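Q: Each protein sequence line maps, in turn, to chains A and B. The letter at position 208 of the first sequence is residue 208 when you use our numbering, and the numbering goes up by one with no holes. The letter at position 142 of the second sequence is residue 142 when you use our numbering, and the numbering goes up by one with no holes.
Take the hints with a grain of salt, since some may be wrong.
Identical copies go unnamed one by one, so any copy, or any two together, can satisfy a pair.
Below, simulated DSS-like cross-link-like pairs (lysine-lysine); rule was C-alpha separation at most 25 Å, straight line [said to hold, decoys possible]: (1) K464 to K412; (2) K224 to K268; (3) K219 to K57.
Calculated from the structure, these hints are not laboratory results. None of the values given here were measured: they were computed from a predicted structure.
2 protein chains.
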Amino acid sequence: MQELHFAVPMAGAILCTFNTRHDSTMIATLLTHSETKILFVDHQFLHTALAALNLLKPPHTKPPLIVTITYEGTPPQSELNTNAYHQYESLIEGGVSGFNVVRPTDEWDPISLNYTSGTTSRPKGVVYSHRGAYLNSIATVFMHGMGARTTYLWTVPMFHCNGWCVTWGLAAIGGTNICIRRCDPKDIFDNIDLHKVTHMGGAPTVLNMIVNSPVTERKPLPHKVEIMTGGAPPPPLILSKMEELGFGVSHLYGLTETYGPGTLCLWKPEWDSLPTEERLKLKTRQGVRHLGLDSVDVKDPITMESVECDGKAMGEVMFRGNTVMSGYLKDTKATEEAFAGGWFRSGDLAVKHPDGYIEVKDRSKDIIISGGENISTVEVETVIYSHPAVLEVAVVARPDNHWGQTPCAFVKLKDGFSVDGQEIIDYCRNRMPRYMAPKTVIFEDLPRTSTGKVQKFLLREKAKALGSIS
Amino acid sequence: MQELHFAVPMAGAILCTFNTRHDSTMIATLLTHSETKILFVDHQFLHTALAALNLLKPPHTKPPLIVTITYEGTPPQSELNTNAYHQYESLIEGGVSGFNVVRPTDEWDPISLNYTSGTTSRPKGVVYSHRGAYLNSIATVFMHGMGARTTYLWTVPMFHCNGWCVTWGLAAIGGTNICIRRCDPKDIFDNIDLHKVTHMGGAPTVLNMIVNSPVTERKPLPHKVEIMTGGAPPPPLILSKMEELGFGVSHLYGLTETYGPGTLCLWKPEWDSLPTEERLKLKTRQGVRHLGLDSVDVKDPITMESVECDGKAMGEVMFRGNTVMSGYLKDTKATEEAFAGGWFRSGDLAVKHPDGYIEVKDRSKDIIISGGENISTVEVETVIYSHPAVLEVAVVARPDNHWGQTPCAFVKLKDGFSVDGQEIIDYCRNRMPRYMAPKTVIFEDLPRTSTGKVQKFLLREKAKALGSIS
Chain A
1 MQELHFAVPM AGAILCTFNT RHDSTMIATL LTHSETKILF VDHQFLHTAL AALNLLKPPH
61 TKPPLIVTIT YEGTPPQSEL NTNAYHQYES LIEGGVSGFN VVRPTDEWDP ISLNYTSGTT
121 SRPKGVVYSH RGAYLNSIAT VFMHGMGART TYLWTVPMFH CNGWCVTWGL AAIGGTNICI
181 RRCDPKDIFD NIDLHKVTHM GGAPTVLNMI VNSPVTERKP LPHKVEIMTG GAPPPPLILS
241 KMEELGFGVS HLYGLTETYG PGTLCLWKPE WDSLPTEERL KLKTRQGVRH LGLDSVDVKD
301 PITMESVECD GKAMGEVMFR GNTVMSGYLK DTKATEEAFA GGWFRSGDLA VKHPDGYIEV
361 KDRSKDIIIS GGENISTVEV ETVIYSHPAV LEVAVVARPD NHWGQTPCAF VKLKDGFSVD
421 GQEIIDYCRN RMPRYMAPKT VIFEDLPRTS TGKVQKFLLR EKAKALGSIS
Chain B
1 MQELHFAVPM AGAILCTFNT RHDSTMIATL LTHSETKILF VDHQFLHTAL AALNLLKPPH
61 TKPPLIVTIT YEGTPPQSEL NTNAYHQYES LIEGGVSGFN VVRPTDEWDP ISLNYTSGTT
121 SRPKGVVYSH RGAYLNSIAT VFMHGMGART TYLWTVPMFH CNGWCVTWGL AAIGGTNICI
181 RRCDPKDIFD NIDLHKVTHM GGAPTVLNMI VNSPVTERKP LPHKVEIMTG GAPPPPLILS
241 KMEELGFGVS HLYGLTETYG PGTLCLWKPE WDSLPTEERL KLKTRQGVRH LGLDSVDVKD
301 PITMESVECD GKAMGEVMFR GNTVMSGYLK DTKATEEAFA GGWFRSGDLA VKHPDGYIEV
361 KDRSKDIIIS GGENISTVEV ETVIYSHPAV LEVAVVARPD NHWGQTPCAF VKLKDGFSVD
421 GQEIIDYCRN RMPRYMAPKT VIFEDLPRTS TGKVQKFLLR EKAKALGSIS
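Start from the sequences, fold in the hints, and give me the full structure.
A: Here is the structure:
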């Protein structure tokens, strides 16, 4: 996939990478929607791909050409004969070394198509342009603080927001890519040690996995390893434990529609000497726009007025610039809605602090409104995360006859720990305004998307099914 | 000047910085040619500026508005009353904080006008665009390997190729600018020590000055200081001495027309372990294009064919891309000549090595043709520089009845040394093909332009005046 990030655009084609956890139904939907001409398939996913081809219906009457990619050490799915298809390595060997790169005729031409996660019936294909990708690749180098001798460990999937354009950013500085087949703590520590990794990325889930890994799977870091986290605000406790392990954590924020990270919590040297708690609190903020983006602002979604920089007034995070998507493929209506008012509307609710740094409080659909008060589920989750028995938590609204809604916490405990719901509730009441504390606590595994995001809509349905608190 | 790099473009105006060593006649010529509207003058140059205003003739009937800049600790020229003019600091104090930045309507709009050095009767005003400046600023950060905590010492004048766009590059990474009034070894070492400078630039003349400075003026470096050199190939002996002092030297190459550096001798980790002599030889090569430039090539100036990558075939260095000038102001003819064939012609003669790195052998007008053989004056100078008694050297052609031309070396010796011409000639004959060794050696100070470049045309005139060798 790393090679195809270069080969496909250089052939004048458009890169469209699929999430490897999609099932054949989803793949079939996306093949049709994207009008894929050539499908490169790792042999471990050939079964899924072939099942998808069987599901293809008109107008996608011509199925894509299949090219299989095989690796030594990873056995092909036994029942399939990969020799029946084009072989990636054979194609490469037969390539022409003097091939003329096909340049885009216009720098706004599309370079890649990225289907957002969480989509089911209506695929949302986010289009990136050559121009945006160039600027975002450069911005990636600045954001990550990468230099000429960077070795980057891929834990962020390259199919996720086009790999944040880091494939191209690394090429711009001549960095080294380390790709791994699985992303578990042992593989991460082993590869950091083996390749002297300097930089990596990872959602808070990955950070959580690292800090909660068995000591036997860890290895001492060869030097400070810079890790960029995004996708959800990193809980302070996890940040703190990552630092203890020797990682330098940077916090990025964005969406597929902003080519991945659009802001970063740009660290100021004078913050180094602050007390730990204050430092970690600053680091959970989403920060300021990166160099390649024109503007990020927090605005009233109705009046489009900027909110005050007081850390209190809430509004919607909006983006504008060359590294914001060109639009959703074949979906003018969704594109127009997303850009209503001339800015891209993120759907995230945030405040602006006096120093201009933004802090996302919640997804607009996740916010809980209880007795007329907005409750940020992120804030409640942060407190619950700090409880020593808690491994993971997600908070959603539960209907409440009196308050309208009250917080309901889904909690997964660490192995060997046992607490009851009342203890979690009491723990919260001692650390936040009473109205913000959950009234319901449910212990279970959290449902996640293939990119590791908690599927809050499933939890909201569960909370709703519990019935109203009366 | 650093502030004006931002203020002027943000006001929608075009920045045109003058060399501080120009005399009033040159200033008057440039004021007229550039149609300057506002002239910001450091009070130390007010005398020259006022004299220039007195020389202004139609069509420049309306003299520019004068704004004087005063500094504590630098007395104004006594006979002048700076209060008769607008004061820079007062204007700043009266500024509007909510000023709306005037954005260019088109990113190809001009951002700055840069008069090339060495110009006399016909000013050549090189126009830079907003787009080119953005890309070059970014490229500067990559080329210099600058990161978030960079402290840059300005020894490269900001009026020279728009300060290589480093003013903007530093802003992009949030770096620190250290500006000094004088550029002598003591000031350089003192400021590196005081401000913990991490990066700086400097022509080989500056490097020469540093390595030949009295030990009493030096201070130990607080860490490795990265210094970018360009304007002329750095002699290996000077590179070696700079490294001994603790500097990391990178070699850049370009022209005013390529926004300053267009190529860099990008260093490969595997070269670190090579023998010193080989390492320094590699470092004197001009290298490969930077990230913001589309292409650099060495071509036959007639056929426009690329020369072979054999380190031998000579051609003209040519550039193409967004960081090549838009053109010469009010000089369509010179612009068309410069871009004849679709590439910007540098006037420099070079070879391409098998690894694609270019090596400039000479300016096309500097090359010596002796008995039908091309002699690179740079190569002869490099050998003479390695003589322990030599401080500075420049080689030009002297007419020769038999050979057409033969090399003539102008040499400045270090204090306290004394050698004769024959010793220099013998020294060369032992180290290069006999035909390349100078036949004439003259000991004297070298004439330089205000940017430190040796004025070879003056030396050529002197060599010519000596008459032909018969």
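Q: For the identical chains here, do K464 and K412 meet the 25 Å Cα criterion within one copy, between copies, both, or neither?
A: Only inside one copy: K464 and K412 sit 19 Å apart there, 89 Å across copies, limit 25 Å.
Q: With 25 Å as the alpha-carbon cut-off, assign the pair K224 and K268 to within, between, both or neither.
A: Cα proximity of K224 and K268: in one copy and across copies (18 Å, 23 Å).
Q: Should K219 paired with K57 be assigned to within, between, both, or neither, using CA atoms and 25 Å as the limit?
A: Neither way: K219 and K57 sit 50 Å apart in one copy and 76 Å across, limit 25 Å.
Of the numbered hints given earlier, the model fails hint 3 alone.
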